[in-house]
Amino acid sequence: MSGLTVSDISYNYGAKRALDGVDFAVDPGTFCALLGPNGAGKSTLFSLLTRLFTAPSGRITVAGYDLASDPRRALAQMGVVFQQPTLDLDLSVHRNLSYFAALHGLSGREAASRIDAALERLDMIERASERVRNLNGGHRRRTEIARALVANPSVLLLDEASVGLDAAARRSITGHVHELSKNDGLTVLWATHLADEVFDDDQLLILHRGQLLENGRAGDLRGDMALTDYFLSRTAEGAA
Amino acid sequence: MNAYLTALRAIVLREALRFVHQRERFIAALVRPLVWLVVFAAGFRAALGLSITPPYQTYITYEIYIVPGLCGMILLFNGMQSALSLVFDREMGSMRVLLISPLPRWWLLICRLIGASAISILQVYTFLLIAGLFGITLPWHGYLLVLPVLLLGGIMLGALGLALSSLIKQLENFAGVMNFVIFPMFFLSSALYPLWKMAESSALLRDICALNPFTHAVEAIRFALYGQLNASALALTALWALIFIGLAVWGYDPARGMMKRKG
Numbered sequence: 026m027s028g029l030t031v032s033d034i035s036y037n038y039g040a041k042r043a044l045d046g047v048d049f050a051v052d053p054g055t056f057c058a059l060l061g062p063n064g065a066g067k068s069t070l071f072s073l074l075t076r077l078f079t080a081p082s083g084r085i086t087v088a089g090y091d092l093a094s095d096p097r098r099a100l101a102q103m104g105v106v107f108q109q110p111t112l113d114l115d116l117s118v119h120r121n122l123s124y125f126a127a128l129h130g131l132s133g134r135e136a137a138s139r140i141d142a143a144l145e146r147l148d149m150i151e152r153a154s155e156r157v158r159n160l161n162g163g164h165r166r167r168t169e170i171a172r173a174l175v176a177n178p179s180v181l182l183l184d185e186a187s188v189g190l191d192a193a194a195r196r197s198i199t200g201h202v203h204e205l206s207k208n209d210g211l212t213v214l215w216a217t218h219l220a221d222e223v224f225d226d227d228q229l230l231i232l233h234r235g236q237l238l239e240n241g242r243a244g245d246l247r248g249d250m251a252l253t254d255y256f257l258s259r260t261a262e263g264a265a
Numbered sequence: 334m335n336a337y338l339t340a341l342r343a344i345v346l347r348e349a350l351r352f353v354h355q356r357e358r359f360i361a362a363l364v365r366p367l368v369w370l371v372v373f374a375a376g377f378r379a380a381l382g383l384s385i386t387p388p389y390q391t392y393i394t395y396e397i398y399i400v401p402g403l404c405g406m407i408l409l410f411n412g413m414q415s416a417l418s419l420v421f422d423r424e425m426g427s428m429r430v431l432l433i434s435p436l437p438r439w440w441l442l443i444c445r446l447i448g449a450s451a452i453s454i455l456q457v458y459t460f461l462l463i464a465g466l467f468g469i470t471l472p473w474h475g476y477l478l479v480l481p482v483l484l485l486g487g488i489m490l491g492a493l494g495l496a497l498s499s500l501i502k503q504l505e506n507f508a509g510v511m512n513f514v515i516f517p518m519f520f521l522s523s524a525l526y527p528l529w530k531m532a533e534s535s536a537l538l539r540d541i542c543a544l545n546p547f548t549h550a551v552e553a554i555r556f557a558l559y560g561q562l563n564a565s566a567l568a569l570t571a572l573w574a575l576i577f578i579g580l581a582v583w584g585y586d587p588a589r590g591m592m593k594r595k596g
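Going down the list, the sequences are from chains A and B.
Each residue of the first sequence is one higher than the one before, counting from 26 in the numbering used here.
Each residue of the second sequence is one higher than the one before, counting from 334 in the numbering used here.
FYI, nobody ran anything at the bench for these hints, they're computed from the structure.
Please note that a few of the clues may not be correct.
[Unchecked claim] Every beta carbon over 12 Å from chain B, so not counted as near; a handful from chain A, in silico:
1) 111
2) 133
3) 242
[Stated by the list, open to error] If you only want the chain A side, here are some residues facing chain B, beta carbon under 10 Å, derived:
4) 42
5) 46
6) 49
7) 53
8) 54
9) 72
10) 102
11) 113
12) 114
13) 123
14) 131
15) 188
The beta carbon of each residue, even a glycine, is placed where N, CA and C say it ideally should be.
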C-alpha cells in the first residue's frame, strides 16, 4: 500500500506520554492537515516519521516501505520540510539543492535536471543563483520545499512550514503545496496550528495531548462552524 | 558516480564552502595555537630543559617541542566544536537534513567527520606556515607525511565529539565540554611536556597521559612531522578512532542516544 500509514504509534518521554496510540493513513494525492495546539505531539510525530528516533511500538510505512525494517527505501520516498530553517544561508539556492541531491546519491546531469524541475515547480528558478541569505522568509520556505522535491519523493512531510511568514507568503506556500498533492499525486502531511491553512477538501487530523481526536474530511468535520472555531471547540473539549 | 562517494564529495565541499564564508572563525581558531607558540612557549623556554628524545636528533627549544601538540590542539578544538555545534546550535537543522538521507547513518557520520577534518587540516597547514615564518621549520617530507596522520587524528577527535554529543546529556554547552573534556585531554597529554618530564613529578599523571587518546594522536603527528613513523601511536590513534566512531554510530542510532531528547 502506498501513501503514508501510521499504525498505533505511542511515545513517552520518561513518564510523560507524548503520543498515545496514534493511528491514521493518508492516501496518495491527498493533502492531509495535521492540526494541533502547541505541545499536542506534532513535533514528536515528525521526529518519528523522519526517523530522528524510533517508537518502541507501532508501525510507520512510507510508500509501502516499513520505516523500521526498511528505513533506507522508506526515507528515499520521503521529502521533508522541517520547522526550523535548515538551509545554508551563505550558499546559493542551487548549491543548497545540489547538496541535498548528493545526499540522496544524485549528481551530474540527473541532479541538475531534477533541481531545475523542482525550482520551476515552486517558481524559484530565476532565483537559483541567489544567496539564501538575501531571500525573504517566503522564498526561503519555497526553496526548502523545492529541496524536498529534488529526490522525487512520493510522500511530502511539512512541519509548521508556514511559521514566521506573512499572510501573503503563507497563502502562497499553502497554495503551492495543495497543488503538489492535487496535480502531482503527492501524499502530503502538513502539520500546523493555524486552521486557516486547511481547505474543506483536505483530510484533517486533530491531535491533542498526544491523542488523535478526529480524522476526516475537513469540510465534513467542521459542519457549519468556521474551522478555527471547530478546532478550538474540539481542543477545549479535549482539555476539559 | 557511486551514491556514497557523491555524498562524501558534497559534504566535504559544503564544509569547504562554509569555511570560505566564515573566515573570521578560521582566523580565530588560528589565534589560539599561535598565542601558545609565541607567548607561552617563549615564557617556558627558559624553565624547561628538554633532552634529546626521538624523533628529535638534537637539542630542541621548547617552541619546537610544542608545535605537534598545537597541531593536535587545532584538531581537538575543531573536532569538538564542529561535532557539538552540530547538535546544540543552529546546526541541529542541518543534522536533521543529513539524517533523512537514505544512505546509511554510519556513512553520513563518517562523511561529516572527514569534511570537518579537512577544514582542520587546512588550519594546521596555515599554522605550520606561520610557525615557519617564526623560524620553526620541518623537513620537507614531514609536511607531506603528516597529512594522513592529521586526517586520522581529526577523525578520531571529531568522532569523540560526535559520540559525546550523542551520549552525554549533561554536556549541554560548549563551556562544559571545554572544562571536562578539552582541557583535561589537552593538559594530560604529551602536547605541552614530554611524558618522561611528567613522570618526574608524578608517575600516576604520566600513566594517565600515556592512556590519553590525544597523546597518541600528538605523538603520531610529532613523528610524522619529522618523517618518521611511530607505529604504536598511529595504531592506537586508529583504534581509538574506531571505538569513537562506533560509539557515535551507536549514539545516533534512532532507537537510542541523544535523539531521544525532546526538541
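Check each numbered hint from earlier against the structure, then list the numbers of those it violates in ascending order. 1, 2, 4, 5, 6, 7, 8, 15
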